[in-house]
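Q: What follows is each chain in one-letter form.
There are 2 protein chains.
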Amino acid sequence: MAERYFQHTFGNGLTLLAEQMPGMQSAAMTLMINAGASTDPVDRSGSATVLADLVLRGAGSRDSRQLTDYLDSLGLQRSSGVGVYHTRFGCAALAAKVVEGMAAYADILQRPHLPETGFQAGRDLALQAIAGIEDEPRQKLLIKLREWHYPSPYGRTAMGQKEHLEKLTLDLMKADHTDRYQAKDSIIAFAGNVDFARLKEEVETQFGDLQARPQQPVKVMPPPGNYHFEHAKTEQTHIGVAYASLPETHADYYTARLAIEVLSGGSSARLFTEIREKRGLVYSVGASYASLKDQGSILAYAGTSNERAQATLDCLITEIHRLNEGVEKDELERAKIGLKADIIMSGESTGARAGAIAHDYFMRGRIRTLDELKNAIDAVNVEKVNAYLKANKPGPFTIVIVGPKELKVPT
Amino acid sequence: MAERYFQHTFGNGLTLLAEQMPGMQSAAMTLMINAGASTDPVDRSGSATVLADLVLRGAGSRDSRQLTDYLDSLGLQRSSGVGVYHTRFGCAALAAKVVEGMAAYADILQRPHLPETGFQAGRDLALQAIAGIEDEPRQKLLIKLREWHYPSPYGRTAMGQKEHLEKLTLDLMKADHTDRYQAKDSIIAFAGNVDFARLKEEVETQFGDLQARPQQPVKVMPPPGNYHFEHAKTEQTHIGVAYASLPETHADYYTARLAIEVLSGGSSARLFTEIREKRGLVYSVGASYASLKDQGSILAYAGTSNERAQATLDCLITEIHRLNEGVEKDELERAKIGLKADIIMSGESTGARAGAIAHDYFMRGRIRTLDELKNAIDAVNVEKVNAYLKANKPGPFTIVIVGPKELKVPT
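Taken in sequence, the protein lines are chains A and E. Per the working numbering, residue 1 is the first one in the first sequence, and the count goes up by one each step. Per the working numbering, residue 1 is the first one in the second sequence, and the count goes up by one each step.
Where hints are given, some of them may not hold.
No copy is singled out in the list; a pair is fine if it fits within one copy or between any two copies.
[As the list claims (entries may be wrong)] SDA-like cross-link-like pairs, simulated, lysine to any residue; straight-line CA separation at most 25 Å:
1. K390 x E328
2. K233 x M159
3. K140 x H250
4. K140 x E230
The hints are simulated quantities; they were obtained by calculation from the structure and are not laboratory data.
Chain A extracted, bound-state conformation (with noise of 0.2 Å):
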C-alpha cells in the first residue's frame, strides 16, 4: 500500500483503517458496529435502530445531557444510521478534535447508560418515523422495492416494524447491545489530517477491550420478487424496478457500472434524455446500482403523474432492454468521465474517503487508491461493456408501484 492508505487489525477483531490527506485541516471518521437491519432479531425489526439511538442516551461518566454538550462542544458533525449489516456512526471536524472525540465513542459503543426513560423516547421516535413514511410515498417506494427484491432479511428497511417496535423492552435492546456491539469485524475508519501510528495507539487505548462475541449466522431466504402493488391515494405514481447485476466485488464490475452509467449517469445518460427530455414523461428517472456483499442490483425509479404512470413504467422497461442491444463508444466515454470526476471530487473529502475506505474493507477486506479506481474504469472499453450486455439479458424484474392505480406490468 502507498505511505496515504493504512491498515490493521487488532486481537479482538477490530481493523483500524486510515487515509492520510495532509493538505487537510479536518478529518473524518466511520465507526462501523456489525449491527444492521439483516441482523436485527427476527421478531425484532427495527432494534438496531432504537439500539443507535439509545446508546447516545448517556455513556460512560456522562449522562444524556452531558454527552451531547461534549460531543457538540468538539465541534464534531455527527452523523448515525443503521443500514443492512451495520449501525454507523461518523463524525468529522478540526482533525485533533476528532482524535479527542474517540474516548467518548469508546463510551458509547461499550459503556451506555441504556436508560429506561431514554429507551421509550427513542422507541416513539423510531413509531413516529414509521408512521411518518404514509406522508413520502417516494421514499416508501423505495422501501418497498428492498423489501421484495432483496432475499430476505436484506431487504428489511432498518426502521422496523411497528408490531416489532411494540414488543421491544429494555431487558431486550440491552441484550442486542452486548451480542451486537461488538469488536469482530468491526471497523473504525479515518481520513483527513491523521497521523497512522498516533491513531492506532489511541484506538487501541480505547476500543482494545472491546469483546468480540460470535456472531449469529443470517437465514437467508429468497425475495418475493415479481409485481407488488401498494395503493395510496397520491398525486403522483411512484415506480421503482429492480434486477440482478454483478456484485461490486466482481472483476467485470466496472463493465456492468459503466453500462449503467449509459443508462442513467449523468444528463445526456438514456434515461434522462428519452424519459424526461424528449418525452417530458416524468419529473424525476434514474437508475442506480446497489451492492449487497455478495450480491448487485440496479434499482430504477421514476415518479409521474397517475395519467402518465403506464407510459413511463413502459418506456423504462424499453429502456432497460434497449441498453443490452449495446452502447455507444462516445456514451461509454462519458461515464468514464463523469465516474473520474466523481472519484476526484470526493477525494477531497475527508468524510466522503473515510465512508469509502470503511465500505472497501466491509466489501474486499483491503482499501482500494484512488489511482486503482481509476485504473479499473479506464480497462474498461466499449466492447467488453457490449460483451457483457449481449451475454447478461435483464431480469426477471421487481417491479413495485405506489399510487391509486395498479399498472399493466409490460412483458
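Since chain A is already given, all that's left is putting chain E on it; use the hints.
A: Okay, now just chain E, sitting in the frame of chain A:
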C-alpha cells in the same frame, strides 16, 4: 484582500470572483443571473424556472443533445436552480475542465436556441413538479411558510403557479430571456485550483459581450403573516413558525445568529433536547436563520403525529420565548464552536466556497475571508447575546400548519 481572494467587475456590470485553493485538484463555478422568483413578471410566476430549463436545451453551435453530451464529456457535476433573486448555474470538476466549460455556459446565457418543443416539455415538467408537492407535505409547508412570512414578491416559490405556467408562451420566454439574462449585477464565482489572471481573461472573452439591461424595480407588498391553515389528509402534522431577525449585513448579525444556534444548532441545542429528546414529541424539529437582502428571518419547522401537533406547537413557541430570557455561557461556546467547524469544513470544499463567495458579494459587495468569519464569531460573547435577546422579543409570529386539523395558536 489576501492573495487567496480576488474580485473584478467588468464594463458590462458582470462581477468575477475567485478564491484560489491551490491544494485542490478541482474547481467549482457558480454563475448567478438576476432572474429570480421575485423578479418573475407578476402574472408569470415560474417563468425563471422554465427558462432555466429551456436555456439548457441547445445553445451556440450545439443542439440540446450535443450540449448535455458535451458538458458530461468534461466531467462537470452540474446543478441549476432558481432562488429568490437569482437563477444559479453551478458546476464542479477537475479545474481545467471547469475553465474549458465556460464557453458553453456563455452560449447558454447568450445564445440559447429556446426551441418550441423544449419549451413545451420544460413547462410540462414544471407543472408536474407543482402537482408533486401535494405528495410532499413537508416541502409544501416550507413553501407556504415563506409565502406567508416574506413580503411579496420575496415569498413566492420559484416553482410558480399552475395558472401562470399555463399562460406562458415561447415568445414570452424569449422576451424574459432578453430582459433578465444580462450582465448588470450578475456574478460569476470560482473556487479551487484556479488562476485569477487566466480566469479574468477567459471571462472577458466569453462574457464580455453580455449586454447590460436596465432591471425593473420590484414592487414590494407587506406579507400576509399571522396564521394560515392548509388542510391536507396527512399522517403527520407539519408546523412552521417564522419571525423577524437581523439582516445578514447587520453589525450584530453573528450575535443574533449565535442565539439561534443555541436554539437549534446541534444535538445539544434546545429544540432538539427539549422537544425531541426529553419530550419525544417530534421526529424532526429545527429552526434556522434565513436572509433576504435586507431582512433576516428565523424559520422553524416541526413534523409530528396529528395527536401531538398541538403540544408540539405550544412547546415550540415556549422554547422560542424562553430563548429571550438569555443563554448560558456554555451553550454559547458550543454554538460558536459549531459555526466555526462548519466554516472549516466548507473551507475544504470548492463547491461550498464558490457558492459562499458569490453569496457574500451579492449581500455585501465583497468577499469575506474565512479568517474574517472566524473573528466575527469569536467577537460575540454571552453579554452581547443576552443584551440583544433582552432588547428583541420574538414575534409577531407567522404560523403555518399543513395537516388534517387546525391548531390553536398559543397567545
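Q: Can you list which hints this structure breaks, lowest number first?
A: Per hint list: single violation, 3.
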